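A.B. asks: Spelled out from the first residue to the last, the chains are:
Protein chains: 2
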Amino acid sequence: MIEIKLIPQTEFKRIHNADLNKHNRLELLGDMCRANALATVKRAGSGHLGSSFSCLDIVTFLYYAHMNTVELGVGHQNRDIYFSSKGHDAPGHYAVLYSLEIISQQQFINLRRLGGTHGHPDVHISGIEANSGSLGMGISKAKGMAIAKQMNGWSGRVFVMTGDGELQEGQIWEALQTAAYQKIANLQVIVDFNKIQSDKSVDNIISLGDLERKFKAFGWHVQRCDGHNFADLESNFTRFDQITDKPKVLIADTVKGRGVSFMEGHRVLEEKEDLYQWHAGAPDDNSFEAGYAELTDRINTRLGEYGLEPLTTELLETREKNRKRLKDTAEKVVNAFGDALVEVGAKRKDMVVLDADLSADCGLRTFENTFPQRFIENGISEQDMVSMAGGLALQGLLPIVNSFGVFLASRANEQIYTNATEDTKIIYVCHYAGLIPAGPGKSHQSLRDISLFGALPNITILEPCNAIETKLALDWCVNTAEKSCMLRLVISPSPRSITLPQDYRFTPGKGAVLTEGTDAVLFAYGPVMLNEALKASELLEEDGFALKIVNLPWLNQLDGDWLEEVIGDCEFLFSLDNHSPYGGLGDLLLNGLMASPALRQKQLEKFGVDDFPACGTPPEALQYHKLDGKSLAVRIAGATNRQ
Amino acid sequence: MIEIKLIPQTEFKRIHNADLNKHNRLELLGDMCRANALATVKRAGSGHLGSSFSCLDIVTFLYYAHMNTVELGVGHQNRDIYFSSKGHDAPGHYAVLYSLEIISQQQFINLRRLGGTHGHPDVHISGIEANSGSLGMGISKAKGMAIAKQMNGWSGRVFVMTGDGELQEGQIWEALQTAAYQKIANLQVIVDFNKIQSDKSVDNIISLGDLERKFKAFGWHVQRCDGHNFADLESNFTRFDQITDKPKVLIADTVKGRGVSFMEGHRVLEEKEDLYQWHAGAPDDNSFEAGYAELTDRINTRLGEYGLEPLTTELLETREKNRKRLKDTAEKVVNAFGDALVEVGAKRKDMVVLDADLSADCGLRTFENTFPQRFIENGISEQDMVSMAGGLALQGLLPIVNSFGVFLASRANEQIYTNATEDTKIIYVCHYAGLIPAGPGKSHQSLRDISLFGALPNITILEPCNAIETKLALDWCVNTAEKSCMLRLVISPSPRSITLPQDYRFTPGKGAVLTEGTDAVLFAYGPVMLNEALKASELLEEDGFALKIVNLPWLNQLDGDWLEEVIGDCEFLFSLDNHSPYGGLGDLLLNGLMASPALRQKQLEKFGVDDFPACGTPPEALQYHKLDGKSLAVRIAGATNRQ
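These protein sequence lines are chains A and B, in that order. Residue 23 in the numbering used here is what sits at position 23 of the first sequence, and the numbering runs on without skipping anything. Residue 113 in the numbering used here is what sits at position 113 of the second sequence, and the numbering runs on without skipping anything.
These aren't lab readings, by the way, just hints derived from the structure by calculation. Any given hint could be a false lead.
Repeated chains share a single entry, so a pair holds when one copy, or any two copies, can fit it.
As the list claims (entries may be wrong) - Pairs of lysine-lysine, DSS-like flavour, derived with a Cα cap of 30 Å:
| id | residue 1 | residue 2 |
| --- | --- | --- |
| 1 | Lys347 | Lys183 |
| 2 | Lys183 | Lys425 |
| 3 | Lys483 | Lys626 |
| 4 | Lys324 | Lys13 |
These numbers were taken from a predicted model, which means no experiment stands behind them.
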């Protein structure tokens, strides 16, 4: 068994009030927050430790020793404002907010759970000033807050934390340029300069070059310091307050994973040939125990040196050690995509794969290592990546452009549009499509991507449901499609492997019947929603209700004859979108029904994610949106009985 | 009468082959291209002269004296590639392409006409290498072309021209950062540094600061020269070819409007208190005649000095002088919006208006001058503007965010999404909504904006049809709406002022009947499409067909009871979108019909812009998409007779 423990608020009070040298106290508080962040991430099963730890000393310093926020209260108009632009350092930030009683223990220990704290910052959580998680927006938002304070005649400074990889986003430089011209002096930016992005060093993705020189050229007041040295932090932030004519940026040299020896960036990169594995995800049980022990031992040793009692912790949970998890065994369509990329790419020498620092998550690593000369790592610069793909395509190559759907379809939308107007062929792969996993929260869940591509007249949109269909889909996009395609891929392990009919042929506008039934037809796609659909049909079957489930991977093409055939005499139709009900499969079917006199009077009910996506475990999120199998069964029964 | 004349290709040949000093020859060719660009812009009635003229000497130098493109042919794989990232300098570029017989006279003289050349570059025109017109994408696209040349083993350099105001776009800095790291040495960027953006000096919008320093800090090889001095251009571009280890940027100091004394930037700004009026639009008849005379006189004087015959020109067209045009008298909803902003803003002290360098076009200038402290000019940085608005809203202000719909809804889409997840209230105004004006081309016509906002669960989308409804809409958004709104506004003069019923009440989800009729119902919105709808009903009436026209300004809200009432017994329904048929009013109605058992079996046909928007005059574009009144009448009659 492993034990997950919490350092309670009372302990933070004790240290806060202890008669200690200020910097020694901050050191202790910082490590205590690290221990609590580690515990909540382990409990959640996911979360970002590396960059929580690299900036935690800075966040601790700001809240405990520099800002007026706790004293005035997080709702006070004259408060100092702090938020993180990178956002994945939320577990560390929550730990500080919990330690100061700004969020409750109940909320804090439920990281990435419904009703707990979100995987990325959300303003509905007390003490969180802005939503982030998508990179590059923070300085602009902080700029707005700082201007608003001036317009409202409110005092208080605005502090915003950025990552270093994040500085590859163009919006950062837009904001630096406008903020300097607008002379926003109550704005202070801190760069958590830990030199590592998702799993490689920044210099191995897109080097930032001479950062101080860049910020100075953009007209900012620049200082640099050791982000783990509290004396250094104090003197630098004190000096900032004397600069009243321009915005200020502090480049804080930090260590990713700081505080747990085997998570510390430089050491890991030396040992692992430049692959850093502590950016995201919970540590395995042994690593968790070792890391937690190292932190608490150091804290207790110091407490002893200062003549203080050792830490009292509270047991949150014990769980079986090294238990098997779904993801260890389940099918993942993204892995099938990765394999297919290499197979197809071996034959198509004109194929070029583009990445925006999500190579591992998007299943690109094998292609990256097999065909390095046809793999372009472009860093966290989605717009540049997409327009570059346009240029590659204009010169006769076939670009496969990868990122999470919420970033690619949205951040680079106008670049995708401009490419489309050139009538070249480009394949856009929107990874992490849909509601699940729901732990990271709104900034990562992609529920609008179909609608963001939908009005492009020359792009085919499709989402495969299992490994086989994923390979068929990629092969079709590369070798059959005449124009551009958008491929939606779920990133989470498939809760079950969807079985396709033996005679299944992958044909534009046509789907496959997965279960026969005459009482109603449910159209769905992708592993997540087809699994819930199958659960629903199993439940309905118990009441003698025969639900026909149709897998339709084509999200903007529909074969009218096939539709009439598959619906037949059935009166009740349902669609299930792993997307907003706006612009998805439901609306495609509505148009299909209207186009057919035989189908025009049929009744279709659309199921989809009709609000911003909930944060939580998959069952929590699915149930919240009434899209889990059980809720679907109830909704389908209700809709059909009502007639 | 005024005469519009063309300098024919034979004259360019004559000068090109004349025994002249190289730089004198280039001077002549540049001015001859200026004269032809001026003629085509005057003929089109719109187009960008200021920045065509500022970079024309550079473009002339590249094609006539530096690139291998003409020699090898524009389709050759080893050709040098040139394109413009800013794109609005297209008239000048076309003039060079025409002079070199890369495009035909027929195509060249039909600027902004169907089958002619587009208002912004389009690859379907011979010699155009990339689509642009939306700013900031060019360096990224050129980067892709340059990498492709390397991958394909093709020689040739890639030259891309950017504006200076354009450097406010973040994507530029993304591209500069990645290109330097990727060491793309066959890439050469030219900055047309004319120091003026749409109608103000760059330093009065968002200053670029020390541009050389910025480019150097980003790792580029930087040179600076006089963009109108051919000797200077020659030596700088020659030096570039010796730099083989990094990308290169030439900062070319130029004069906006160069070549026509009264259009030259510095002079205009001195006289007009920093308002430059020659960026876009055709000059009035007197200015055209004076400008054309100045250019041709100078050319002929030089020809005389060189002992050459004066120019022979070809008469293209004579037209009545100072004729009245629609825009001189017609209603413009954008003007009504501008007035309403000031009225509403006078009462709402929390209202802040944001602009991205389109103040005049978006009708903001009166507010800008009346409430300068509540007007934020953010330059061509839409993403920064939108996130800044998010920060302003989080601090209790009400931001009204303005840009053209195609830029705002698309370029800043993810920033709009993130703001929406914070549940603050922001009003986004998508100007230049829809198909008309169709002269500027795809990069400016906004036909996807409804779909780009549509999946946001907490934003109301509406488009008013006349001045009265525009004021009602803004007042509703500011004073009644609880959440964010997206207001679509047509930018062109209304072909007719739409008359609303006396008893019209502006109510969410409900529209107004404009013409009574029982044979069919047509739902539409906005001045452009309602005008075509009314034309259609007038034509149908001649055949005794009574069409009921309903104005429905609410594009994502529908009142079910009202819908049943307004449709009544009518069997045939039509929707008319000034937008893609995907995600617009048509789909809203499809959902509304499905929700009502009484309406479910009705037949709805959707009309909309179902391809990329055509470039041309309003009648040409409307007819091309079969959305003009006559085509609509035919389509409606056909659909109803077919039954």
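A.B. asks: Look at each hint and say if it fits the structure.
C.D. replies: So, going through the hints one by one against the coordinates:
In this homomeric assembly, lysine 347 and lysine 183 come within 30 Å of each other (Cα to Cα) only across copies, at 28 Å, whereas the closest approach inside a single copy is 55 Å. For the homomeric pair lysine 183 and lysine 425, the shortest alpha-carbon distance between copies (26 Å) is at most 30 Å, but the shortest distance inside one copy (44 Å) is not. Taking CA atoms no more than 30 Å apart as the test, lysine 483 paired with lysine 626 passes between copies only; the shortest distance there is 25 Å, against 36 Å inside one copy. For a Cα distance limit of 30 Å, the shortest separation of lysine 324 from lysine 13 qualifies neither inside one copy, at 39 Å, nor across copies, at 79 Å.
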